[in-house]
Amino acid sequence: MGNKVTTFTEEQLEAYQDCTLFTRKEILRLFKRYRELAPETVPLDMKNGTKKVKVPYSIIEKMVELKENPFCKNICEVFSEDGSGDMTFDDFLDMCSVFCEAAPRDIKAAYAFKIYDFDHDNYLSKSDLERALTSLTGDGLTQDEINFVVSKVLEEADLDDDGMLSYIEFEHVISRSPDFISTFHIRF
Amino acid sequence: MEQYRHQNGREHFPLGTVNPGYQEEGLHYYSDVIPPIGSYPGYNTNTSAHIPLDRRGSDASSYHSDTNTGPRHRWAAQEMRDTSILLERLPSRQLERLASDVAQKSSFRQKSKKRKSLHGTIHIPRGKDVSKELMDQYNEDPNLMNEFDIKDTTLPLSSKMRIRSLTKQRPGRLKSLKYSCGIAWMHFRQKMSDFAFYLQLWKGHMKKIEGHFGTGVLSYFLFLQWIFYINIPVFIVTFGFVIVPQLLDSSNISSNKTFTGKELLLGTGWFNDTIMYYGFYTNGTISNKYEMQFAYLLTCGAYYIMCIIIIALSISRSYKTNYIEGSGAYDFYYVTRVFCGWDYGIMAVDAAKLKHKGIWNELKEYLSGIQKEKKQATCGEKCKWIFIRLATNLFVLGSIGGCGYLIYFLSTNKVITNIAQEELKVMVMPICVSGIILILPLIFSFIGQLEKYEKPKTELYVGMVRTMLLKATVLAVLVSSWYRNTIESHPCWETYVGQEIYRLVIVDFIFTLLVTFFIEFIKRLFKEHCCKFLNYPEFDIGRNTLNLIYSQALCWLGTYFCPILSIVVIIKLFIIFYVKRVSVILNCKPSLRPWRAARAHTIFMGFLFVFFLLSAAAVACGIIFIRPSLNCGPFRNKDKPYQIVTDFVANLNHELNWLQVIINIISSPGFIAGTLVVLCVLTYYMRIVMVGHKEMVTLLQQQLAMEGKDKAYLLKMLQEASSKHKDKPKPPDRSRQLSPGAASTIENSRPDGRNVWIVTHPPPTDADDVLL
Numbered sequence: 001m002g003n004k005v006t007t008f009t010e011e012q013l014e015a016y017q018d019c020t021l022f023t024r025k026e027i028l029r030l031f032k033r034y035r036e037l038a039p040e041t042v043p044l045d046m047k048n049g050t051k052k053v054k055v056p057y058s059i060i061e062k063m064v065e066l067k068e069n070p071f072c073k074n075i076c077e078v079f080s081e082d083g084s085g086d087m088t089f090d091d092f093l094d095m096c097s098v099f100c101e102a103a104p105r106d107i108k109a110a111y112a113f114k115i116y117d118f119d120h121d122n123y124l125s126k127s128d129l130e131r132a133l134t135s136l137t138g139d140g141l142t143q144d145e146i147n148f149v150v151s152k153v154l155e156e157a158d159l160d161d162d163g164m165l166s167y168i169e170f171e172h173v174i175s176r177s178p179d180f181i182s183t184f185h186i187r188f
Numbered sequence: 001m002e003q004y005r006h007q008n009g010r011e012h013f014p015l016g017t018v019n020p021g022y023q024e025e026g027l028h029y030y031s032d033v034i035p036p037i038g039s040y041p042g043y044n045t046n047t048s049a050h051i052p053l054d055r056r057g058s059d060a061s062s063y064h065s066d067t068n069t070g071p072r073h074r075w076a077a078q079e080m081r082d083t084s085i086l087l088e089r090l091p092s093r094q095l096e097r098l099a100s101d102v103a104q105k106s107s108f109r110q111k112s113k114k115r116k117s118l119h120g121t122i123h124i125p126r127g128k129d130v131s132k133e134l135m136d137q138y139n140e141d142p143n144l145m146n147e148f149d150i151k152d153t154t155l156p157l158s159s160k161m162r163i164r165s166l167t168k169q170r171p172g173r174l175k176s177l178k179y180s181c182g183i184a185w186m187h188f189r190q191k192m193s194d195f196a197f198y199l200q201l202w203k204g205h206m207k208k209i210e211g212h213f214g215t216g217v218l219s220y221f222l223f224l225q226w227i228f229y230i231n232i233p234v235f236i237v238t239f240g241f242v243i244v245p246q247l248l249d250s251s252n253i254s255s256n257k258t259f260t261g262k263e264l265l266l267g268t269g270w271f272n273d274t275i276m277y278y279g280f281y282t283n284g285t286i287s288n289k290y291e292m293q294f295a296y297l298l299t300c301g302a303y304y305i306m307c308i309i310i311i312a313l314s315i316s317r318s319y320k321t322n323y324i325e326g327s328g329a330y331d332f333y334y335v336t337r338v339f340c341g342w343d344y345g346i347m348a349v350d351a352a353k354l355k356h357k358g359i360w361n362e363l364k365e366y367l368s369g370i371q372k373e374k375k376q377a378t379c380g381e382k383c384k385w386i387f388i389r390l391a392t393n394l395f396v397l398g399s400i401g402g403c404g405y406l407i408y409f410l411s412t413n414k415v416i417t418n419i420a421q422e423e424l425k426v427m428v429m430p431i432c433v434s435g436i437i438l439i440l441p442l443i444f445s446f447i448g449q450l451e452k453y454e455k456p457k458t459e460l461y462v463g464m465v466r467t468m469l470l471k472a473t474v475l476a477v478l479v480s481s482w483y484r485n486t487i488e489s490h491p492c493w494e495t496y497v498g499q500e501i502y503r504l505v506i507v508d509f510i511f512t513l514l515v516t517f518f519i520e521f522i523k524r525l526f527k528e529h530c531c532k533f534l535n536y537p538e539f540d541i542g543r544n545t546l547n548l549i550y551s552q553a554l555c556w557l558g559t560y561f562c563p564i565l566s567i568v569v570i571i572k573l574f575i576i577f578y579v580k581r582v583s584v585i586l587n588c589k590p591s592l593r594p595w596r597a598a599r600a601h602t603i604f605m606g607f608l609f610v611f612f613l614l615s616a617a618a619v620a621c622g623i624i625f626i627r628p629s630l631n632c633g634p635f636r637n638k639d640k641p642y643q644i645v646t647d648f649v650a651n652l653n654h655e656l657n658w659l660q661v662i663i664n665i666i667s668s669p670g671f672i673a674g675t676l677v678v679l680c681v682l683t684y685y686m687r688i689v690m691v692g693h694k695e696m697v698t699l700l701q702q703q704l705a706m707e708g709k710d711k712a713y714l715l716k717m718l719q720e721a722s723s724k725h726k727d728k729p730k731p732p733d734r735s736r737q738l739s740p741g742a743a744s745t746i747e748n749s750r751p752d753g754r755n756v757w758i759v760t761h762p763p764p765t766d767a768d769d770v771l772l
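Taken in sequence, the protein lines are chains A and B. Just so you know, we're using the UniProt record's numbering here: the first sequence kicks off at 1 and counts up by one. Just so you know, we're using the UniProt record's numbering here: the second sequence kicks off at 1 and counts up by one.
If you're looking for bench data, these hints aren't it; they were derived computationally from the structure. Since we're looking at a predicted model, the values are computed, not measured. Certain hints may be false.
To be verified - Subject to a maximum C-alpha distance of 30 Å in a straight line, what follows is the list of computed BS3-like cross-link-like pairs (lysine-lysine): (1) B/Lys353 to A/Lys108; (2) A/Lys126 to B/Lys203; (3) B/Lys262 to A/Lys62.
Said to hold, decoys possible - Simulated DEER-style distance windows between Cβ atoms: (4) A/Asp119 to B/Ile232: 27 to 37 Å; (5) A/Asp144 to B/Gln701: 20 to 30 Å; (6) B/Ile585 to A/Leu13: 51 to 61 Å; (7) A/Asn147 to B/Pro456: 20 to 30 Å; (8) B/Arg389 to A/Ser58: 55 to 65 Å; (9) A/Thr134 to B/Lys203: 44 to 54 Å; (10) A/Asp119 to B/Ile519: 41 to 51 Å; (11) A/Asp144 to B/Ile585: 38 to 48 Å; (12) A/Asp139 to B/Lys384: 38 to 48 Å.
As the list claims (entries may be wrong) - Covered, in the sense of this in silico footprint (three residues per stretch, anywhere, with C-beta under 8 Å from a C-beta of chain B), are these stretches of chain A: (13) 19 to 33; (14) 103 to 114.
We put the CB at the ideal spot given by N, CA and C, even for glycine.
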């Protein structure tokens, strides 16, 4: 119990509470979870700031919640602030906050868009869709089938006919898919 | 700076490929000077900004910083290398801004109604230090603090924290009191949610189930948990207002029977003279103040009203998210498969493999289904299917009717009453009912396979409707036989009905346990040890959830006759949760068949609602029309339980005339009919509005697509023109006025932008003619 209280200062905890969707208890629980990933690198005392401590991507990707996810690499990159996949506690908390149940739909959609945007150009182009589809199905589909599905996706979602999806088009279709909220959700 | 260089390297379009006019702006952007926030159009017009989603620096922001200035001659001097790059820079490509603009205008309209919609979502490039600008915004407009919630932004957490720390130092001068109240309220809410954190049951189990089986199976457990939760307030109300006062009553008769243990199963004997059943409650006044009759009836009414509010709220929410918001002009089949196909909750290796395979399967099936659809079924085949479905439906209806008759027969016939052994006599009926409810749905699902529906979804829903029809029939026959036959044959018929329902609940519980044990556990043992050809059992989400609904309907039906039933159901659900959880993890394999949890949830809620209405109606009938027993229960001297209400109103006649008048008006047929008519008109109006909106959406979508095509066409012309007239300078912002929507998002937009956009048809001889 003593440990828990002294990991963060009162102000830090309050700041986390204001900026995430978590309660104090959950923040402490998530910190415990974060520390379990790399007990040597993460000190128990985070009062001097959380910026310097990073858990490398190689450890994050082995987390049980992420390791089976076909988009694991993208998730780590999106949430890590420097884009490398290494995560500070802030990044980690950010990720948990987005994937938690209480996160609003548009926040989730915004991050989902980033996750599916493999080449980071702010558009979901054909190649992004193909890569997403390949990650999803393994190598089961033939190239023809992939092309067909990709063209169908574009047909459904591409409102301005430019051959790729911008965020607003993505959000437009995602907000109509009731499954999105229930599937884009990780219990950390 | 280091960060920006890094972003620069990651730019999708290397700066070199962009023409110099842009490049200069690009340099401006990437220099140390961060562009003033005012250059984001969102910030100028609205309280919250909608900056496009960029990960690491982007063209979007650099584009906007060059709207005001721009070395035009340089732009024209350069040859356009690639239309696609120009296209990329077009305002309409930044559709995000456009849409957020529209959305915010509409939300301003709703400001008074729904303040929260004003927040919008702030999407800010990741990895940029934007907190300073946001901070400046705060200083300029302290109201902003109210207008949006920092939680609703897609900033990285560290930036959020920075903004927070910056704003914290300078609270609004005038509104500090308001803020401190707000903060106190927030702290209170945080305390409450901390408390709620402890109340959350089964968190770890849920995680494990979701990790192994995905959201489909989890939805069953969430439904179970939800039903568990709604029974708790029901129990608290009955316990607080009915059971405790009765326990405090001094005129308690001590039971002369002893508790042997088999009562737990039979619900008779010792239980008869306890607070368990209706018959035990007094019709007197407790401590000279508390009228038990009113307490009993009002509590009963209160929990039905409570339940109807809870269910109606959650069903409307679920319906709204799944059917109204989800219904557009298109059914986004592929988009859903690709973007929502993966279940992010999955954690187990096997489950992940199966999920991959499942998505693959589903796509394959759908692809082959498209090819199949092309060939039309012949007339003969159609007739054949119609005939088969007619026959199966007749069979299903017949078997449901047969079951209803069987139960009616059992309840009236002397066969049972002649059975000597008391235990067996009372247990025949519940075992029959539970047996029917267990076996017939299996037959129905077999029949469903014979019918060969095109979509597995249709088959599933048809099976569900049949199962629920069966359950409703069985319950209806039971209720009618209780109301007709038991009244004469039992001295305290309400207690007897309570016992019957209690036994039904218990037997249903035992059957659930047995089914879990035999179908799931034994099947797995067989699979592992002798019969390798068997499949691993799959968790049947539909059947299990429908069972939960049935059990809950029993609870609602029985709470009037057996006030303590809700706690029995709570205990039952608690045990079932653990049994199912252990069984599903140990025995079952995840299904390859996808389960659309969100939609199915609405269907289940619909069934639950129907069953709630049916059971509430049955109880209401009992209260209003059926004569209570003469010698027991709170209404023993009355003609009908409802009579206490009419008596009460009649007594008011002398004291409060106006109340009497109001009650008379409300209960008059004319008033009820009028209300119904008004409701119907309202519904019709809403429907018309909805249809109109739908048509509008289609129109707008078409318009948008046309606009995109127009723009591409114009751009092509522009490119051709510019290659012809390399020496003629052209202003760069022309191209941005090609679409009216885009023009509206840009400041200083030229008023003639709209006209330019419309002229698209004549093939140009000179590009300038078209553009000006």
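The hints, checked one at a time:
1. B/Lys353 to A/Lys108: holds, 25 Å
2. A/Lys126 to B/Lys203: violated, 39 Å
3. B/Lys262 to A/Lys62: violated, 53 Å
4. A/Asp119 to B/Ile232: 27 to 37 Å: For isoleucine 232 of chain B against aspartate 119 of chain A, whose Cβ atoms are near 51 Å apart, the range 27 to 37 Å is violated.
5. A/Asp144 to B/Gln701: 20 to 30 Å: At roughly 28 Å between Cβ atoms, glutamine 701 of chain B and aspartate 144 of chain A fall inside 20 to 30 Å, so the hint holds.
6. B/Ile585 to A/Leu13: 51 to 61 Å: Given range 51 to 61 Å: violated, Cβ gap about 35 Å.
7. A/Asn147 to B/Pro456: 20 to 30 Å: At roughly 26 Å between Cβ atoms, proline 456 of chain B and asparagine 147 of chain A fall inside 20 to 30 Å, so the hint holds.
8. B/Arg389 to A/Ser58: 55 to 65 Å: With Cβ atoms ~58 Å apart, the hint holds.
9. A/Thr134 to B/Lys203: 44 to 54 Å: violated, 34 Å
10. A/Asp119 to B/Ile519: 41 to 51 Å: holds, 49 Å
11. A/Asp144 to B/Ile585: 38 to 48 Å: holds, 40 Å
12. A/Asp139 to B/Lys384: 38 to 48 Å: holds, 40 Å
13. 19 to 33: holds (count 7)
14. 103 to 114: holds (count 8)
Checked against the numbered hints given earlier, this structure breaks hints 2, 3, 4, 6, 9; the rest are met.
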